[in-house]
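Input sequences plus hints: build the corresponding full structure.
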Amino acid sequence: MSEAVRKRSWSARFVVLIPYAWLLVLFLAPFAIVLKISLSQTAMAQPPYLPVLDLAAGWQGLKDFIAQLSFDSYAMLGSDWLYILSYLKSLEVAFVSTVILLLIGYPMAYGIARSPRAWQPLLVMLVVLPFWTSFLIRVYAWVNILQRDGLLNTLLLNLHIIDQPAAWLASDTAIYIGVVYSYLPFMVLPLYATLEKMDESLLEAAADLGSPRWKAFWQVTVPLSLPGIAAGALLCFIPICGEFVIPDLLGGSDTQMIGQTLWTEFFANRDWPVASAIAVALLVLLLVPIMVYERLQRRAIEGAR
Amino acid sequence: MRRLSLFNITVVALGLAFLYLPIAILVIYSFNASRLVTIWGGWSLTWYRALLQDEAMLQAAWASLRIAALSATAATLLGTLSAVTLTRFGAFRGRLLFSSMVYAPLVMPEVITGLSLLLLFVALGVDRGFWTVAAAHTTLTMCFVTVIVHSRLVSFDRSLEEAAMDLGCPPLKTFLTVTLPLIAPAIAAGWMLAFSLSLDDLVIASFTTGPGATTLPIRIYSEVRLGVKPEVNAICTLMIAFVAVATIISSLLTKRGAVRRARDTTLGAAV
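Residue numbers (the numbering used here), protein chains in the order written: chain P, 1 to 305; chain W, 1 to 271.
To be clear, the hints were calculated from the coordinates, so they are not data collected in a lab. Nothing here was measured: the structure is a model prediction, and the numbers come from that model. Check before you lean on any hint, since a few could be wrong.
Listed next, the stretches of chain P that the computed footprint assigns to chain W, with coverage defined by at least 3 CB atoms under 8 angstroms from CB atoms of chain W [stated by the list, open to error]:
id	stretch
1	118-131
2	136-150
3	227-238
4	257-269
5	273-286
Simulated restraints, written as ranges between beta carbons of each label pair [what the hints assert, rightly or not]:
id	chain 1	residue 1	chain 2	residue 2	range
6	P	Gln60	W	Cys169	55 to 65 angstroms
7	W	Asp157	P	Gly78	35 to 45 angstroms
8	W	Phe7	P	Ala118	16 to 26 angstroms
9	P	Asp254	W	Phe92	44 to 54 angstroms
10	W	Leu52	P	Ser253	28 to 38 angstroms
11	P	Asp149	W	Phe7	35 to 45 angstroms
12	P	Asp172	W	Leu172	50 to 60 angstroms
13	P	Ala205	W	Lys229	58 to 68 angstroms
14	W	Leu176	P	Pro212	49 to 59 angstroms
15	P	Gln41	W	Ser100	28 to 38 angstroms
From the three backbone atoms N, C-alpha and C, an ideal C-beta is built for every residue, glycine too.
So, in structure tokens, the structure goes:
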């Protein structure tokens, strides 16, 4: 294979060039634009924005551009409690949900990895299948259950556990239920992948040396599954931070996550510079976990080779 | 070691019940005769009939299907090329940037991707609608295709390719006659995943669409915000059935290997 590659034929370059160019134009360039607009001031309700980057003026144009950049949008993020609270709310929801997901997902993944080999593909398939059905539908399914005259209240009333309908919908509880429900496959699959690969003779060795099962689990299984725990946690934590659909459909109106705030700034208030600044700040906030995730991913790919 | 402990059975059964019960309830209530969503009024197809007359919903569904087919096809082409690049080209200048750009959209919050793409389209002065949503979906889903095809490319026996080359087969022909048939199931799985992701997407479509191109999730979302409606239960059930049938067909086509790959690919690849 390397023969042909070393030659770097014209056609080989072409293979790289197409997806590379696509991603540069539709993935990287957009972020540059977001960054630029976040540093602009609204000239009218819609673009154009000030300052304008005048590339034709060369170096002077660039200097003028930098001199005129506005940090107003960022100042607003730092001074208005609305924004600060939504960032904190997002982090809180993402953190608590990730912990709950680990508590539910780990035993599930463990149970699947320890079930008979012949069953495992089916069980994994059953976990993956909901991931293929619409996210929106799965969140909406909970509206049916959690609303005031919904099934959960009907059930609890009939069982005489509660005597009047509780407001499940429009609460933080509903957000947590929705998030945990939607992201469970993202947690179970990476955990299963590491647990399934684990060398069971290590547990036998621990048992032979007199370690009780719970201790072997804690001292052998859990440390060996740390890569899976990290991958699952990151895979859930990062997108939950920017979640929009779940808090909007299931959450209350008094608390907002940052994804909703961005959405409102953009669509309702039409303040594009502030919406862009929110996006940039969220990205900076998530940069650390995203880079950790990337590193794990690259190591896994190199390990697979 | 591999025995069925009561604990394992209980945990897995409870977990699966949690995953499937809400969907099952939704499906059952879509056949409810009563207009009140939570009161059971007997079995009926009323809401499916109502759906057939809902012109706006049908149009949105048709737009969604076309966008999904187009973007899944483009994403499969681009994603396969990316996967080949990542596995077969070794080190090249800009490789790090390339692999970062390939994997970043997988974890990027959708609101950020959506906003940035919209601002790009505004900056370029493109009219928003069908094509901008399709392009946005292509960018998002090509990353998933790359992961799926990539995991297949690293796992198969490279000596087959080398044998073809040693016998004098040119690289392009080797790829088409040896590599491509071997990775075809992964490419098919990638297309299906891209298709269903595009069909599913609400946030990015909302940002990148314009007047005249409403997708099904956008339409459903605007209905759902006004409260639960039995028609929505019906359309959701149809979408679930569609996905279930597609998944069963694809797993029959690729047999047991598909499950393994679906696992490696969708999410397990993270490890």
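task: May I ask you to test the hint 28 to 38 angstroms on the CB atoms belonging to glutamine 41 of chain P and serine 100 of chain W?
output: 31 angstroms, holds
query: Cβ-Cβ distance between alanine 205 of chain P and lysine 229 of chain W: within 58 to 68 angstroms?
result: 59 angstroms, holds
Claimed coverage, the stretch 227-238 of chain P by chain W - three or more beta carbons nearer than 8 angstroms: holds (count 7)
task: Examine the stretch 257-269 of chain P: at least three residues should have C-beta closer than 8 angstroms to a C-beta of chain W.
output: holds (count 4)
- prompt: Lying within 55 to 65 angstroms: is that true of the beta-carbon distance glutamine 60 of chain P to cysteine 169 of chain W?
  reply: 57 angstroms, holds
query: Do the Cβ positions of aspartate 157 of chain W and glycine 78 of chain P conform to the proposed distance bound of 35 to 45 angstroms?
result: 56 angstroms, violated
field: Range agreement (Cβ of phenylalanine 7 of chain W with Cβ of aspartate 149 of chain P, hint 35 to 45 angstroms)
entry: 37 angstroms, holds
Outcome of range test on Cβ distance (leucine 52 of chain W, serine 253 of chain P; 28 to 38 angstroms): 35 angstroms, holds
query: How about the stretch 136-150 of chain P: do at least three of its residues have a C-beta closer than 8 angstroms to a C-beta of chain W?
result: holds (count 12)
task: Test coverage of the stretch 118-131 of chain P by chain W using CB-CB distances below 8 angstroms; three residues minimum.
output: holds (count 11)
message: Given a hint of 44 to 54 angstroms, does the C-beta separation of aspartate 254 of chain P and phenylalanine 92 of chain W actually sit inside it?
response: Cβ of aspartate 254 of chain P to Cβ of phenylalanine 92 of chain W: about 52 angstroms, so the range 44 to 54 angstroms holds.
query: Holds or violated: 50 to 60 angstroms for the Cβ distance of aspartate 172 of chain P and leucine 172 of chain W?
result: Since aspartate 172 of chain P and leucine 172 of chain W have Cβ atoms about 57 angstroms apart, the given range 50 to 60 angstroms holds.
In this structure, the one hint that does not hold is number 7.
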